[in-house]
Amino acid sequence: MTTMNKSLIHLLLVCCGTGCVANGAREVYQALKDNLTSDDKAVLAATTSARATGCHGLCAQGPFVRILPEDITYCRVKAADIPEIVEKTLKQGEVVKRLLFRDRQKKALVQGQNDIPFYRRQTRVALRNVGLIDPSSLQDYLERGGYRALEKSLLDMRPEQVIEEIIKSGLRGRGGGGFPAGLKWKACAATPAQPRYIICNGDEGDPGAFMDESIMEGDPHSVLEGMIIAAYAVGASTGFIYVRDEYAQSVASLQKAIEEAENHGFLGENILGSGLDFDIEIVRGGGAFVCGEETALIASIEGHVGEPWDKYVFPSEKGLWGQPTIINNVETWANIPVIMERGASWFTSLGTEGSKGTKVFSLVGKVANTGLVEVPMGTTLREIIFDIGGGVPQGRKFKAVQTGGPSGGCIPAELLDLKLDFDSLSQAGSMMGSGGLIVMDDRTCMVEVARYYLSFLAGESCGKCVPCREGIKCLLEILTRICHGQGEIEDLELMEDIAETMQQASLCALGRTASNPVLSTLRYFREEYLEHIEGQRCPAGICRELSEFWIDPAICTGCGLCLPRCPVEGIKGEKKQAHRIESDKCIRCGECIDSCSFQAIKVK
Amino acid sequence: MKLIIDGKAFNAYPGDSILDVARREGIAIPTLCYHEAFGGQGSCRLCMVEVTAGGRSRLVASCTYPVSEGIEVKTSTPAVEKIRRNIIMVLYKRASGSVLMQKLYREYGCSENSLGEKQEERCIVCRLCVLACEKMGTSAISTVMRGIDKRVGTPYDQAATACIGCAACAHICPTGAIEVLDSGNIRTIWNKNFNLINCERCGQPFATREEIDYVSRRSGIEDAELCFCEECRRKKLVGKMQGFSPC
Amino acid sequence: MSEQECEENIEGFRRIIYGFPGEKRYIIAIMHELSRCYRYLPRAALELTAEYVGVPFSQVYSMATFYRAFSLQPRGRVNFKVCDGTTCHIKGSNILLDEIYKNLGIGPGETTADREFSLETVNCIGACAIAPALLVNERVYPRVNAAALKEIIKEYRGGGDNDHHE
Numbered sequence: 373m374t375t376m377n378k379s380l381i382h383l384l385l386v387c388c389g390t391g392c393v394a395n396g397a398r399e400v401y402q403a404l405k406d407n408l409t410s411d412d413k414a415v416l417a418a419t420t421s422a423r424a425t426g427c428h429g430l431c432a433q434g435p436f437v438r439i440l441p442e443d444i445t446y447c448r449v450k451a452a453d454i455p456e457i458v459e460k461t462l463k464q465g466e467v468v469k470r471l472l473f474r475d476r477q478k479k480a481l482v483q484g485q486n487d488i489p490f491y492r493r494q495t496r497v498a499l500r501n502v503g504l505i506d507p508s509s510l511q512d513y514l515e516r517g518g519y520r521a522l523e524k525s526l527l528d529m530r531p532e533q534v535i536e537e538i539i540k541s542g543l544r545g546r547g548g549g550g551f552p553a554g555l556k557w558k559a560c561a562a563t564p565a566q567p568r569y570i571i572c573n574g575d576e577g578d579p580g581a582f583m584d585e586s587i588m589e590g591d592p593h594s595v596l597e598g599m600i601i602a603a604y605a606v607g608a609s610t611g612f613i614y615v616r617d618e619y620a621q622s623v624a625s626l627q628k629a630i631e632e633a634e635n636h637g638f639l640g641e642n643i644l645g646s647g648l649d650f651d652i653e654i655v656r657g658g659g660a661f662v663c664g665e666e667t668a669l670i671a672s673i674e675g676h677v678g679e680p681w682d683k684y685v686f687p688s689e690k691g692l693w694g695q696p697t698i699i700n701n702v703e704t705w706a707n708i709p710v711i712m713e714r715g716a717s718w719f720t721s722l723g724t725e726g727s728k729g730t731k732v733f734s735l736v737g738k739v740a741n742t743g744l745v746e747v748p749m750g751t752t753l754r755e756i757i758f759d760i761g762g763g764v765p766q767g768r769k770f771k772a773v774q775t776g777g778p779s780g781g782c783i784p785a786e787l788l789d790l791k792l793d794f795d796s797l798s799q800a801g802s803m804m805g806s807g808g809l810i811v812m813d814d815r816t817c818m819v820e821v822a823r824y825y826l827s828f829l830a831g832e833s834c835g836k837c838v839p840c841r842e843g844i845k846c847l848l849e850i851l852t853r854i855c856h857g858q859g860e861i862e863d864l865e866l867m868e869d870i871a872e873t874m875q876q877a878s879l880c881a882l883g884r885t886a887s888n889p890v891l892s893t894l895r896y897f898r899e900e901y902l903e904h905i906e907g908q909r910c911p912a913g914i915c916r917e918l919s920e921f922w923i924d925p926a927i928c929t930g931c932g933l934c935l936p937r938c939p940v941e942g943i944k945g946e947k948k949q950a951h952r953i954e955s956d957k958c959i960r961c962g963e964c965i966d967s968c969s970f971q972a973i974k975v976k
Numbered sequence: 544m545k546l547i548i549d550g551k552a553f554n555a556y557p558g559d560s561i562l563d564v565a566r567r568e569g570i571a572i573p574t575l576c577y578h579e580a581f582g583g584q585g586s587c588r589l590c591m592v593e594v595t596a597g598g599r600s601r602l603v604a605s606c607t608y609p610v611s612e613g614i615e616v617k618t619s620t621p622a623v624e625k626i627r628r629n630i631i632m633v634l635y636k637r638a639s640g641s642v643l644m645q646k647l648y649r650e651y652g653c654s655e656n657s658l659g660e661k662q663e664e665r666c667i668v669c670r671l672c673v674l675a676c677e678k679m680g681t682s683a684i685s686t687v688m689r690g691i692d693k694r695v696g697t698p699y700d701q702a703a704t705a706c707i708g709c710a711a712c713a714h715i716c717p718t719g720a721i722e723v724l725d726s727g728n729i730r731t732i733w734n735k736n737f738n739l740i741n742c743e744r745c746g747q748p749f750a751t752r753e754e755i756d757y758v759s760r761r762s763g764i765e766d767a768e769l770c771f772c773e774e775c776r777r778k779k780l781v782g783k784m785q786g787f788s789p790c
Numbered sequence: 058m059s060e061q062e063c064e065e066n067i068e069g070f071r072r073i074i075y076g077f078p079g080e081k082r083y084i085i086a087i088m089h090e091l092s093r094c095y096r097y098l099p100r101a102a103l104e105l106t107a108e109y110v111g112v113p114f115s116q117v118y119s120m121a122t123f124y125r126a127f128s129l130q131p132r133g134r135v136n137f138k139v140c141d142g143t144t145c146h147i148k149g150s151n152i153l154l155d156e157i158y159k160n161l162g163i164g165p166g167e168t169t170a171d172r173e174f175s176l177e178t179v180n181c182i183g184a185c186a187i188a189p190a191l192l193v194n195e196r197v198y199p200r201v202n203a204a205a206l207k208e209i210i211k212e213y214r215g216g217g218d219n220d221h222h223e
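Those protein sequences? They're chains A, B and C, same order as listed. Numbered according to this note's numbering, the first sequence spans residues 373 to 976. Numbered according to this note's numbering, the second sequence spans residues 544 to 790. Numbered according to this note's numbering, the third sequence spans residues 58 to 223.
A partial selection of chain A residues facing chain B, derived with a Cβ cut-off under 8 Å: (1) W681; (2) D682; (3) Y684; (4) V685; (5) A830; (6) K836; (7) P839; (8) R841; (9) G843; (10) C846; (11) I870; (12) Q876; (13) L879.
Across the chosen pairs, the derived CB separations fall in these ranges: (14) A/Q566 x B/K551: 34 to 42 Å; (15) C/F77 x B/G582: 26 to 34 Å; (16) B/N554 x A/Q858: 51 to 59 Å; (17) B/G763 x A/A565: 33 to 41 Å; (18) B/D700 x A/G694: 29 to 37 Å; (19) C/D171 x B/D725: 41 to 49 Å; (20) B/G569 x C/G164: 52 to 60 Å; (21) B/T704 x A/E515: 56 to 64 Å; (22) A/G549 x B/G582: 21 to 29 Å; (23) B/E615 x A/N642: 46 to 54 Å; (24) A/A565 x B/N554: 25 to 33 Å.
Keep in mind that the hints were calculated from the coordinates and are not lab data. Keep in mind the model is a prediction, meaning the values are calculated, not measured. We put the CB at the ideal spot given by N, CA and C, even for glycine.
Kindly generate the complete structure, drawing on both the sequences and the hints.
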């Protein structure tokens, strides 16, 4: 729980993460401020504080207004609800029931955030402050214990002790590769060349992942603090935060934080009197997924096209402008201050043998509670998707979960009890990536998913090396052919053959993992490929040439919901009588299937 | 420094790549994007080899892998051969118009496969042309776009101000993908026309006015000295040397 | 900076470009600023950038075509970005693309003849929890369907720019 100023009676936290802002959170926040200040006796203004915070996590239910100290969480709040909240809750101490979270399983209203099943099983380490503090306020961060770890590291520890602590914590890079962070630091510190650089990789590019965005927006100082500690540990004087082009709000939030940190002596010359000089500069990316790759990111900062180079010598020895450089991603940096403050042994008490600590996942797709989830490493997919995420909505069936973004793979229902960590995921033919979890139901065609990822990579590969550039092109052509019903059985083996060469011979991790979506779907959903090729049928009803829909008259209630949704007026039927699809008109868009509450519309 | 390549020990200098040593010792490793003038780019990946270092084996690009003491290199293993065959297979699909690619395609035994329609292009995007142009100091061409659309071109695909028509790009191109059209005294390259200068000795057209001006400006040698074609310049030089010859 | 201050001439270009240090590493930052002012990268501005930071024009052009944030063609006053990230994709981003084409006659990468509207697809704007998402200029619209899209287009037609929103 966040600390409150003593004169305050109420603290209101309004989620202003990207998702909630899109749903009108700024207007909610403004309405709240207006209502507080327009109070005639000015009592509220003096005793209540409203904070625009970062992402609360459960984006599907936003915008949120959380009221402390009672811990009342209101969901899906609109600006028009504010007068009622002020009047009833703040003035009269009553709860506005209609705005509470509805627990569908228990059929009950839930008041406190931690009683919402989505939050109950989470352990928030990297996200410890996100949603509780106003990211633009250094004061808020300090009240939550911010910069204490920096003080401890700089004033009570020697640089090598700091590195030793990070090594002992077993912290592995959260950006994808999972390389032990402490070893990077050690290698960098051991390289004699000066100057040395610290880079924060904020080029979160995996479609379906937004955990780094929420940290940069919601708790920017935690990233800065982690970087400053590293600067002290390895003797660096300049840091860069490379932020993905699309994240305008992150840039603004970080910029503000840097200014505040400079004003308070956490950045700049002689930090906390320790003799450390360190500055941080923000670099905006140009919109290139491949720049999530360390060496491509470095090339981009230097002012080149974002093409990677062979990492036979690591950036920790030869990185930015040829100098020793540490690159870690946002979530990794946000973990550093907690580790330094609470100690490596606390951190290692969380997680599994090979993967310590927690991991933030963005849980999205066909799942009821979409949003950001932080759990200890080793939590199973089932717990995340069903217990926290509330399962697949609309009564549809779970089919697969895609982990690790375009470089990852699709994991089937049989592996739902897989304990998520770096090693278990790569054994399953996928990877941790930055932590995207995209849930897919039986309306998702796995061949089309593989095709989608390859078409994504076709545009996002840098195009430098042959196995990646030409391999992706070949795989994409073959997959497109299969989706159009022109696949041949030999294609499957050919794809596996090309995929293997891409894995072994590509220059960077993007190319080496680019075939994972194909290989993992071939491994777990081969049947579906065969259906497309031999059966000339797309079981999910997604590939248009291979789909035909019909309405099961035994199930259809004739509710008529699908009629207006059909863009070609291809559904016929009287009210309360079974409808039917005129197959010569049907364009197989699937709108009717998604609109049917009874699952009466089937794929032939 | 010592290393072992295919069972034999060799000496290497610090900073050498595996390919540097192999080339020096006459060990064949196939390449497409490598030229000794520019060093390794690591982009065609045809030069992949198997390296054992510190007890761990891995596949690496020999043109960019820096040699370290005691490593063991195998230049031709089944895994390496398979990679090379597949690289040729997918590259051939892009550039089946190139004679070199046709030859490699046959040599590597890339059986007919269902890779679909072949493109009749010749460029394999090895970028030797871009590097050659950069080395000339002109940098008139570069790679443009990215991903599967990556290609080489001039800005806006128009005649580039910076181009001097030297055709170094075309000379270095391994697949003959860059068209240079010399017709009478006009050279056309990269959508730009140049007047060709005739050799003062044999009268054959041999270089563009822009190239001679550019070389003269950069080297400080006077134009008049540069107005001979390569062959005549050599003959002239030999003539001079004979003149000085003590015998 | 207002539209007037961003005159599309060499004076305007100089004002922007010379505001940065003349080093290679500021090329992307310069391009961002040019894009913000002109909604694309004018050729003369790129030539000036190359000269200013001391890099061959071909390399600046190479970067302009490499990075997705930049366009060499003018974008519309209202720029639609349809998110085609995985989540938005499986939640029907293609329906939005079809609908925009039906209403405005433009596909991804195209601009209407009057330079009012342009359309592009982006890979993921990090708004997966509210998919499918649509970005209009800098504003995010959540869970957009065909009907909502019609409303949005109507909102922006005829000079509406919704500046009062985020």
